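Engineer: Spelled out, the chains give:
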Amino acid sequence: MTWRSPLALVRDALRGQRAREKDLRNLASNLPYEGLDKAKQPNRYFLGNGIKTTKYTLLLFIPMNLFEQFHRLANIYFVGLAILNFVPVVNAFQPEVALIPICVIMCLAALKDGWEDFRRYQSDNKINNTLCFIYSRKEKQFMERRWKDVRVGDFVKVVYNEIVPADLLLLHTSDPNGVCHIDTSNLDGETNLKQRRAMSGLCVSDPEFEPESFNSVVVCEKPNNNLNHFKCYVEKPDKEKVGAGIQSLLLRGCTVKNTDHAVGFVVYAGHETKSMLNNNGPRYKRSKLERKLNINVIFCVILLLTMCLVGSVGHFLWLQKLPSVPPYLVPNSNGHLDSPSLSGFYMFFTMIILLQILIPISLYVSIELVKIGQIFFITNDIDLYNEETDSRVQCKTLNITEDLGQIEYIFSDKTGTLTENKMVFRRCSIMGTEYPHKENAIRLAVLEPESGEEVIFNQRPRPPHTGWSLHAEDTNSEDTGYDHDNQRKSKVTGNAQSNVAFSSPLETEVIPDRKLLQQISRPDRSDSGSRKTDPYLDFFLGLAICNTVVVSTATAQRQRESVFSSSGQTNNPLDSLSNLVKKSASTRHIFTSWKYKPKRSRTVSEDSVVEEDHFNTPVKIEGSGVTDGLQTCSLQASSQCDDPAATSDNLSYEAESPDEAALVYAAKAYGFILLARTPDSVTVRLPSGEDLVFEVLDTLTFDFNRKRMSILVRHPITKECVLYTKGADYAIMELLSTPYAEHLSGKQKNIAADTQHHLDCYAKEGLRTLCFTKKIVTDKVYESWTVNRQRALAAMDNREELVMDTAVQLETDLSLLGATGIEDRLQESVPETVVALREAGIQVWVLTGDKPETAVNIGYACRLLEEEDLVINMSCKNKLACTSILDCTLEEVRRYSEDPRNVDTRQDIALVIDGHTLTMALSSDLQDRFVDLAKRCRTVLCCRVTPLQKSRVVKVVREKLKVMTLAVGDGANDVNMIQAADIGIGISGQEGMQAVMASDFAISRFKHLKKLLLVHGHWCYTRLANMIIYFFYKNVAYVNLLFWYQFFCGFSANTMIDYWLMIFFNLFFTSVPPIMFGIMDKDVSAEMLLGVPELYRTGQGAGEYTFFTFWVSILDAFYQSLVCFFIPYLVYQDSDIDVFTFGTPLNTISLFTILLHLSIEIKAWTVVHWVVMLASVALYFIVTLAYSAMCVTCNPPSNPYWILQSQMADPMFYLLCTITTVVALLPRYTFHVLRNSIAPSPLVQARRLDRLDVSTRDEWMKEWRSFRGIGQVKRSRLSNPPSPTLGTPADIHPQSPTASDIMGDDLTLNVISENFQRPVHK
Amino acid sequence: MMASSYNAKEEDGNHPGAANHAGAGVVKSKKPDNTAFKQQRLPAWQPILTAGTVLPAFFVIGLIFIPIGIGLYVTSNNIKEFEIDYTGADINNPCYNCAKNFSWNSTTQCVCSVPFTLEQPFESNVFMYYGLSNFYQNHRRYVKSRDDSQLNGDRSALKSPSKECEPYRTSEGQPIAPCGAIANSLFNDTLELYHIDSNGSRNEIPLVKKGIAWWTDKHVKFRNPGGNDNLTVAFQGTSKPVNWRKPVFDLDPEDPDNNGFINEDFIVWMRTAALPTFRKLYRIIQKKSSTTPTLPSGKYVLNITYNYPVLSFDGRKRMILSTISWMGGKNPFLGIAYITVGSICFFLGVVLLIIHHKYDTRNNSADIPN
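Which chain is which? The protein sequence lines are A and B, in order. To convert, note that position 156 of the first sequence is 156 in full-length UniProt numbering; the numbers rise steadily by one, no gaps. To convert, note that position 362 of the second sequence is 362 in full-length UniProt numbering; the numbers rise steadily by one, no gaps.
Please note that a few of the clues may not be correct.
[Claimed, not checked] Footprint (simulated), chain B over chain A, 3 or more residues, beta carbon under 8 Å:
no., stretch
1, 865-874
2, 1237-1247
[Unchecked claim] Just so you have them, the derived chain B footprint on chain A, three or more residues with Cβ under 8 Å:
no., stretch
3, 333-344
4, 381-389
5, 1075-1088
6, 1124-1134
7, 1187-1201
8, 1220-1230
No wet-lab data here; the hints were simulated from the structure. Just so it is clear, the structure is predicted and the values come from calculations on it, not from any experiment. Even for Gly, the Cβ is constructed at its ideal location relative to N, Cα and C.
Chain A with its partners taken away, still in its complex shape (with noise of 0.2 Å):
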């Protein structure tokens, strides 16, 4: 390196400073620069890609960690008070000695913190020390490097199965269509592929792509921690501009797959990358409990200066009182005496050493190490746990568990948290007619009891199906016990994982409907004449293209599985070759090409298979020894029978999301297959068998405020451009034109209507809806079109408005082709997990983006609506009309409250409101008004309510009715939800890993919240109230002790007890027992907490932790320490006694006291509790006695030596002892008794239930619930919830919103009911 002028370095450090703030990045490849010093290198401002995340060098641990832990309020204060000790004037104790206890907290705390950040630098060692290649211009090829030694402008080569180093531009790929395959699971846990494209136009030489080539300038935004966003455009040197988003972009982390190799440049590195942007370690919330416990421990420091102020006037009075000097008064050191009121003063401030201990110094550490023992009990639980994903619930943020026990609202998502998100596909309606799908339907209700939770993995060879017969029912009884066979196998197998989603037969498997099927089988509709306009052929044409479904064989989805796969057929030679040629593979990179020829067979299309399909079967098996014997299997069965259809069952799709997934298996079972899916072409076979490869123009995605996504292929006969739209019906119904094909004559003009009048049948059975369209797009217009649409791609600054008013002009003019209703089934036990919530006093919230058909008839089948509900639905247009439904609503709700008849049927009122009334209804004139009347509902379902509303529903009602509220979702879209509420739960999914990323604790089904709120959320709550409220009396009635000798030695601040014992006191002898206390005490049985859901309440609200039990327990404390003083005191008193002989019996007593008073609050008494109770007091003695006799001279002034050992000798020590422990128990001993006696609270009565044996309990439990809640019984004699059928219960809302919108109603209030005289059951 050559030397340069400090003021180079400085101007060169500016400059990078300014390079790195800059909008806009120019990025050079740095191949021309290679072996120049680093003053030369055009990239040389942005970071490497060497990480790092520990928080403290080696060097600085020690001043960055102190630094740290001061941030902490009761640290200083101990640090503060301990340098206070130094001060001569008004210290206390030894000084050194009183630094011990803040010194041992605090080195635990930074030993804790330093191993942690050990951990972090060992695995940024390893990962910055990860090889990759990169290429270098020296050796002409690439290079193997590290991690670490990535620049930004470099080269870099992925092959299959690697993680991606940095951030890179894709430029190159092993496939012929440059497109790259990349799974996200390690950034946002979206399991499916993503396809990525090489940037077109930059490889100057096809098939080698030669880096060194590369001239142009990539200029690219600034650093963001966007994952789904990215904007760069290529400049070649010719000056032309080639955009790139984030379809181009390789994300560090992400790991390449289903592709040979890639090669990118690098854009970022390091810490500049996408993923290290998202990294903001673990979130900190503070919990309920801890406000108040803070509000608290400010009470204390009242408590303690009242304290230390009656000592600093008593010290002063005392002092006045003395008429001369008395021998036992020391002058300092010159030689006299300060004035009593300077005294006093100093006094003031050694009072604060002396009582420093009321404000409990290790409660923090402690309410840390008991949450961590509750979340290690939480993650442990068993029931919890969910064997189909092999996954546990996770604790995401670590402080708030016991605010699960507080939890008053829960707001919910429908899909994907109380549905199970997979989609089957139930009927469709086309041109106006509707199809059952009657077939299917049976199937299913067949299937369902079995298969409720099972994935069933489609990697077996699925016996070759005969595509779809008109015997319906034979198919299906032979289906139903192939499906049987094949669960149980899964369930042999074991763990499996979720990855290969939406492969259940349930889902994948539909039942073509009959008449649909004649419709389309019909011989006048094959020839190719009436197939350019026949609208049955677009709109199973619409349902297989119109999405981004990935297509991959069942080779591609072995690989993915090989793990599980493996390990259920072990058996299986030619299966562990193939394992052991993929381990070697992946490591050694030596087999990849040869590898992986029958894959991208299969992204070419389909027919390199039916090539081999040619081939006899030996001759195959050998070609294809690479692959597994399955494969070959399932090529053996598919070559014995003709059918084209049979090949393609090692299809499999991979959805973004479920429901496209869904609608292509619907396609395929009416023979519609899609094949392949290249971004450029997509190919689909028809049922006649021929393959129609569609070019695909563009593509637009869904997006959350146009509600529907669209294609534009070139047809490949018509050579038409033709638009397929699908999307919700209320964003489709509004584009639509002209009826499709006029010229069919005038019986179907009214498609519109007849699907509209269908899709509101489908919702009211709470189908999923989805209209499908189509458009013919002229040449002319699709050219002017793509000028625009290629301008907004390009544009750097709001891409994405531009973008998206590009596919806004372009879907207008719509021909409605029909819709299609998918089922999504319910969880299984949400209905239950409802009711026992909503017993718990929690009132459950519906936030969703579906209909409100829909939604009110999920509410129904889960439970949250009962069949006498009244149900108010809530429809606007206008905030004027908004606010009078308000409030003649709100004077309804209430004149219906306050009716004497309808005492306590305020739960019986459920609002169901749409997003647009939301919006209004949530503007800062109406909240007050809204809020009030959810208030009184008992069940409110927001219906058409976007990501944001979700999360200011959330605010609006925890901020104004100050409730604690938890949010449950599982996609992207509740993320917003999860946030603003106190508690977010994300459930894992089918749709990726946003929400539970952004989540406090994932759980993997909805019924997980039951045991997770009732039981561990009590637990937890009361477990940590009590043992908080403990240790503020621990600390109350020991450090009183002292204060009450002050009265006694003239307010000198003397001690009676050694200082060492004292802080042994409060850091071993008496520490443990409340940490387990809180870790382990279990003051109800999970069974009963679940059985009687009721006992949750008295965790909400104040529950246990109030003012009342905080001050009751301080003055317990203050009792307690009375008669722990003055009954030694006056058996003591006028005697020999010494100071600190008179402290012994004290600190014995209070120990005892201590841990016999957490006995009385221990509920269940379990070997560790005796253990941990009966070591305490074992070490007190130890301790103590090896103290006192080997501190002879040690600790001025006390001088304990052979102090507690003549104690013991004396038979007065233990008459002391226990009578003094027996008098300070007794009140609150005796006050348990009689509140459990004479008036025993649910939870007191709950244990005592649960002492019972099991079938009485069970009997006791069920008369206690049918006393409580009426309802329940007579709902529970019903053995199932109401079938969500067409015709029922939905029919009580006789006018949809939706139809009144249509009929410009703007006022839409109904209070329908047929209850306003509810069933008698009192």
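Model the placement of chain B on the given structure of chain A, informed by the hints.
Structural biologist: Frame of chain A, contents of chain B only:
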């Protein structure tokens, strides 16, 4: 942290890439162990405090405490104690003059005699205490004002006592031995007890001055520098505490085992009292024969060499004669306390019995919570 999240996933065995690397059969299920501990199902004893369950406890406590209390009370009552105040605050007191004309530095000793009568004979060994009131030996700075190393015979501490001893650390340039305020304020009255025979002659009662301190103090904690031989040499170069009349090695010139730091009067004083009114063992009057009482009833005279001032802090000085039992000196409190608490428990037991009949039976049979 990206880094740690890689790590975590790899550990979980769920990382797709890692899974492929790892090959077959290594997937570890994340299924929690179904153990009683982890599932919080450890067998537990779950007591519920209700009247029914705790009734016996109350009665048992009552039944145990009351006899103990009676025993203690009787024992305490059997202890004979005699106390006489000789402060001299009152003009009728024989020591009034001594108390009045006191100064620490006076060279002449003031002697006064207090006559008293024992109504009852003291049978067993009699312990003779001096008692001080309103003397805050437990004042924080007073308690600290000593050097235990010095008292333990440490030579370096002898020459340079601890800073805690200030301002009684050095005197006239020499270190004070023993240093500190406690030693400086050593109780230095001399008490002598005479029995007045029926014929009027005074018989001095022999007072044993050894065995009044804790054995461990005398033999472990307190040691003379350089052993017990020739204390004058050992304490050379040190100065006596300012209030003392004679140096430490002259505390008991007759008995080398009771001289210097191991002088028992000194050791007793150095064990600072816990409360401002206290007594300290001064002498023991040993029982001579089993037939005659140690102190027969009759007239006695207490001769006091009045050295110790207490009026400056409103203090009182007493001489106490007491026999002791296994429970120490006379203290009726503990006995009364036991009897009281025992009675209360018994009473509570009765109350609970009533409550139990009224409520618990209902709870157990027809319990419908409301």
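Engineer: State for each hint whether it applies.
Structural biologist: Right, here's what the structure says about each hint:
1. 865-874: violated (count 0)
2. 1237-1247: Check passed, 7 qualifying residues.
3. 333-344: holds (count 3)
4. 381-389: holds (count 4)
5. 1075-1088: holds (count 3)
6. 1124-1134: Coverage by chain B holds for the stretch 1124-1134 of chain A (7 residues, Cβ < 8 Å).
7. 1187-1201: holds (count 6)
8. 1220-1230: holds (count 5)
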